[in-house]
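Peer 1: Chains as they are written, first to last, in my numbering: chain A, 319 to 433; chain B, 3 to 111.
The set of hints was computed from the structure by calculation and includes no laboratory data. No residue lacks a Cβ here, since even glycine has one placed at the ideal position from N, Cα and C. Mixed in with the good hints, there may be bad ones.
[Unchecked claim] Derived Cβ-Cβ restraints for the label pairs, each shown as a range:
{"id": "1", "chain 1": "B", "residue 1": "Ser109", "chain 2": "A", "residue 2": "Gly328", "range": "23 to 29 Å"}
{"id": "2", "chain 1": "A", "residue 1": "Lys334", "chain 2": "B", "residue 2": "Asn19", "range": "18 to 24 Å"}
{"id": "3", "chain 1": "B", "residue 1": "Gly97", "chain 2": "A", "residue 2": "Gly403", "range": "33 to 39 Å"}
{"id": "4", "chain 1": "B", "residue 1": "Asn59", "chain 2": "A", "residue 2": "Ser346", "range": "22 to 28 Å"}
[As the list claims (entries may be wrong)] BS3-like mimics (lysine-lysine), calculated; alpha carbons at most 25 Å apart, straight line:
{"id": "5", "chain 1": "B", "residue 1": "Lys38", "chain 2": "A", "residue 2": "Lys321"}
{"id": "6", "chain 1": "A", "residue 1": "Lys391", "chain 2": "B", "residue 2": "Lys46"}
{"id": "7", "chain 1": "B", "residue 1": "Lys69", "chain 2": "B", "residue 2": "Lys46"}
{"id": "8", "chain 1": "A", "residue 1": "Lys428", "chain 2": "B", "residue 2": "Lys73"}
{"id": "9", "chain 1": "A", "residue 1": "Lys321", "chain 2": "A", "residue 2": "Lys391"}
{"id": "10", "chain 1": "B", "residue 1": "Lys43", "chain 2": "A", "residue 2": "Lys391"}
{"id": "11", "chain 1": "A", "residue 1": "Lys432", "chain 2": "A", "residue 2": "Lys321"}
{"id": "12", "chain 1": "B", "residue 1": "Lys21", "chain 2": "B", "residue 2": "Lys11"}
{"id": "13", "chain 1": "B", "residue 1": "Lys43", "chain 2": "B", "residue 2": "Lys73"}
{"id": "14", "chain 1": "A", "residue 1": "Lys321", "chain 2": "B", "residue 2": "Lys42"}
{"id": "15", "chain 1": "B", "residue 1": "Lys73", "chain 2": "B", "residue 2": "Lys24"}
{"id": "16", "chain 1": "B", "residue 1": "Lys38", "chain 2": "B", "residue 2": "Lys73"}
{"id": "17", "chain 1": "A", "residue 1": "Lys428", "chain 2": "A", "residue 2": "Lys321"}
{"id": "18", "chain 1": "A", "residue 1": "Lys432", "chain 2": "B", "residue 2": "Lys69"}
{"id": "19", "chain 1": "A", "residue 1": "Lys334", "chain 2": "A", "residue 2": "Lys391"}
{"id": "20", "chain 1": "B", "residue 1": "Lys42", "chain 2": "B", "residue 2": "Lys73"}
{"id": "21", "chain 1": "B", "residue 1": "Lys46", "chain 2": "B", "residue 2": "Lys73"}
{"id": "22", "chain 1": "B", "residue 1": "Lys69", "chain 2": "B", "residue 2": "Lys24"}
{"id": "23", "chain 1": "A", "residue 1": "Lys428", "chain 2": "A", "residue 2": "Lys391"}
{"id": "24", "chain 1": "B", "residue 1": "Lys21", "chain 2": "B", "residue 2": "Lys38"}
{"id": "25", "chain 1": "A", "residue 1": "Lys428", "chain 2": "B", "residue 2": "Lys46"}
{"id": "26", "chain 1": "B", "residue 1": "Lys21", "chain 2": "B", "residue 2": "Lys73"}
{"id": "27", "chain 1": "A", "residue 1": "Lys432", "chain 2": "A", "residue 2": "Lys334"}
{"id": "28", "chain 1": "A", "residue 1": "Lys432", "chain 2": "B", "residue 2": "Lys43"}
{"id": "29", "chain 1": "A", "residue 1": "Lys428", "chain 2": "B", "residue 2": "Lys42"}
{"id": "30", "chain 1": "B", "residue 1": "Lys43", "chain 2": "A", "residue 2": "Lys321"}
{"id": "31", "chain 1": "B", "residue 1": "Lys11", "chain 2": "B", "residue 2": "Lys38"}
{"id": "32", "chain 1": "B", "residue 1": "Lys43", "chain 2": "A", "residue 2": "Lys428"}
{"id": "33", "chain 1": "B", "residue 1": "Lys69", "chain 2": "B", "residue 2": "Lys11"}
{"id": "34", "chain 1": "A", "residue 1": "Lys428", "chain 2": "B", "residue 2": "Lys11"}
{"id": "35", "chain 1": "A", "residue 1": "Lys321", "chain 2": "B", "residue 2": "Lys46"}
{"id": "36", "chain 1": "B", "residue 1": "Lys21", "chain 2": "B", "residue 2": "Lys42"}
{"id": "37", "chain 1": "B", "residue 1": "Lys69", "chain 2": "B", "residue 2": "Lys21"}
{"id": "38", "chain 1": "B", "residue 1": "Lys43", "chain 2": "B", "residue 2": "Lys11"}
Chain residues, written in single-letter form:
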Amino acid sequence: AQKITQTQPGMFVQEKEAVTLDCTYDTSDPSYGLFWYKQPSSGEMIFLIYQGSYDQQNATEGRYSLNFQKARKSANLVISASQLGDSAMYFCAMRTRDSNYQLIWGAGTKLIIKP
Amino acid sequence: DTAVSQTPKYLVTQMGNDKSIKCEQNLGHDTMYWYKQDSKKFLKIMFSYNNKELIINETVPNRFSPKSPDKAHLNLHINSLELGDSAVYFCARGGNIQYFGAGTRLSVL
């Protein structure tokens with residue numbers, strides 16, 4: 319079965335600290351893509367970062383990096399030097415051939431940055 | 003430019019009414035999607051359209067119908083609205099990365 323698991327329903331982090339949001343995935347398809355999206359309180363869904371299953375290096379986008387551990391089937395999002403504006407829901411998602419390339423979503427993690 | 007334009011942002015209506023949500027993307031990509039996000043923030047795909055053909059239709063009531071007049075548009079029509087239809091609906095365009103519209107918060111009273 320294809321599944322995304324986000325085990326942290328909520329997190330509080332002090333401003334300027336680094337944050338790691340957990341995501342584990344399950345698929346038997348050797349070709350897949352992993353995504354992170356941010357949903358602030360204003361409601362929009364914002365794409366953050368993408369990792370392909372065959373990518374040799376971990377993806378990075380500014381303060382965001384994806385800690386991709388293929389053997390463990392984990393794709394944790396790391397946010398460095400957190401800011402108040404990082405407070406939001408964060409969703410991990412996966413796309414595979416078996417899913418007909420539609421995204422399979424995790425339940426999300428609500429991140430609150432404390433000043 | 004990854005613009006996906008979705009209107010309206012808020013929609014408040016009475017039970018039994020019919021309403022539409024519009025979605026337009028300016029990238030010419032073939033695939034567009036509609037998602038429903040419930041009160042627990044869980045995202046569920048409703049439809050996807052590829053080259054104006056429906057290729058995914060999850061267990062969605064037939065009161066919901068996507069309409070794609072051209073490759074740039076995928077509108078969502080909802081007939082006989084029910085209380086349980088209250089949710090946030092997102093349009094997205096396909097490609098390697100899915101980009102989302104701003105969402106429509108539908109409230110059925």
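Peer 1: Against this structure, judge whether each hint is valid.
Peer 2: Checked hints:
For serine 109/B paired with glycine 328/A, a C-beta distance near 25 Å keeps the hint of 23 to 29 Å intact. At about 49 Å, the beta-carbon gap between lysine 334/A and asparagine 19/B misses the expected band of 18 to 24 Å. Between glycine 97/B and glycine 403/A, the C-beta spacing of about 27 Å breaks the proposed range 33 to 39 Å. Between asparagine 59/B and serine 346/A the C-beta distance comes to about 25 Å, which sits within the given range of 22 to 28 Å.
Proximity of lysine 38/B to lysine 321/A is assessed by CA-CA distance (about 18 Å); at most 25 Å being required, the pair is judged to hold. Distance hint between lysine 391/A and lysine 46/B is fulfilled; the C-alpha atoms sit about 23 Å from each other, no more than 25 Å. Restraint check: the Cα-Cα separation between lysine 69/B and lysine 46/B comes to about 19 Å, which is no more than 25 Å; the hinted pair holds. With a C-alpha separation of about 35 Å, the suggested pair lysine 428/A and lysine 73/B falls outside the 25 Å cut-off, and the hint is violated.
About 11 Å separates the Cα atoms of lysine 321/A and lysine 391/A, which keeps this hinted pair within 25 Å; it holds. Restraint check: the Cα-Cα separation between lysine 43/B and lysine 391/A comes to about 24 Å, which is no more than 25 Å; the hinted pair holds. A C-alpha spacing of about 31 Å is found between lysine 432/A and lysine 321/A, which places the hinted pair above 25 Å, so the restraint is violated. For the suggested pair lysine 21/B and lysine 11/B, the alpha carbons sit about 13 Å apart, so the restraint of at most 25 Å is met.
In summary, the hint linking lysine 43/B to lysine 73/B is not supported, as the alpha carbons are separated by about 29 Å, beyond the 25 Å threshold. For the proposed pair lysine 321/A and lysine 42/B, the alpha carbon gap of about 18 Å is at most 25 Å, so the pair holds. Taking the CA atoms of lysine 73/B and lysine 24/B, the gap is near 13 Å; set against the 25 Å cutoff, the hint holds. A C-alpha spacing of about 21 Å is found between lysine 38/B and lysine 73/B, which places the hinted pair at or below 25 Å, so the restraint holds.
For the given pair, lysine 428/A sits about 19 Å from lysine 321/A by alpha-carbon distance, which is consistent with the 25 Å threshold. A C-alpha spacing of about 44 Å is found between lysine 432/A and lysine 69/B, which places the hinted pair above 25 Å, so the restraint is violated. A C-alpha spacing of about 28 Å is found between lysine 334/A and lysine 391/A, which places the hinted pair above 25 Å, so the restraint is violated. Pair hint lysine 42/B plus lysine 73/B does not hold up; C-alpha atoms about 32 Å apart against a cutoff of 25 Å.
Distance check on the hinted pair: lysine 46/B and lysine 73/B sit about 23 Å apart at the alpha-carbon level, within 25 Å; holds. A distance of roughly 9 Å separates the Cα atoms of lysine 69/B and lysine 24/B; the hinted pair therefore holds under the 25 Å criterion. The straight-line distance between the Cα atoms of lysine 428/A and lysine 391/A is roughly 22 Å, inside the 25 Å bound, and the hint therefore holds. Of the pairs offered as hints, the one joining lysine 21/B and lysine 38/B holds, with about 15 Å between alpha carbons and a cut-off of 25 Å not exceeded.
Between lysine 428/A and lysine 46/B, the direct Cα distance comes to roughly 18 Å. Compliance with the 25 Å bound is thereby established for this hinted pair. About 21 Å separates the Cα atoms of lysine 21/B and lysine 73/B, which keeps this hinted pair within 25 Å; it holds. Simply put, lysine 432/A and lysine 334/A have alpha-carbon atoms about 9 Å apart, close enough for the 25 Å limit, and the pair holds. For the given pair, lysine 432/A sits about 22 Å from lysine 43/B by alpha-carbon distance, which is consistent with the 25 Å threshold.
A hinted pair counts as satisfied when its Cα atoms are at most 25 Å apart, and lysine 428/A with lysine 42/B qualifies at roughly 11 Å. The straight-line distance between the Cα atoms of lysine 43/B and lysine 321/A is roughly 17 Å, inside the 25 Å bound, and the hint therefore holds. Of the supplied pair hints, the one linking lysine 11/B and lysine 38/B holds, its CA atoms being roughly 14 Å apart against a limit of 25 Å. Proximity of lysine 43/B to lysine 428/A is assessed by CA-CA distance (about 10 Å); at most 25 Å being required, the pair is judged to hold.
The straight-line distance between the Cα atoms of lysine 69/B and lysine 11/B is roughly 19 Å, inside the 25 Å bound, and the hint therefore holds. Of the supplied pair hints, the one linking lysine 428/A and lysine 11/B holds, its CA atoms being roughly 23 Å apart against a limit of 25 Å. This hinted pair checks out: lysine 321/A and lysine 46/B have alpha carbons roughly 13 Å apart, not beyond 25 Å. Distance hint between lysine 21/B and lysine 42/B is fulfilled; the C-alpha atoms sit about 23 Å from each other, no more than 25 Å.
Straight-line distance between C-alpha atoms of lysine 69/B and lysine 21/B comes to about 13 Å, which keeps the hinted pair within the 25 Å bound. Restraint check: the Cα-Cα separation between lysine 43/B and lysine 11/B comes to about 17 Å, which is no more than 25 Å; the hinted pair holds.
The structure is inconsistent with the numbered hints 2, 3, 8, 11, 13, 18, 19, 20, although it conforms to all the rest.
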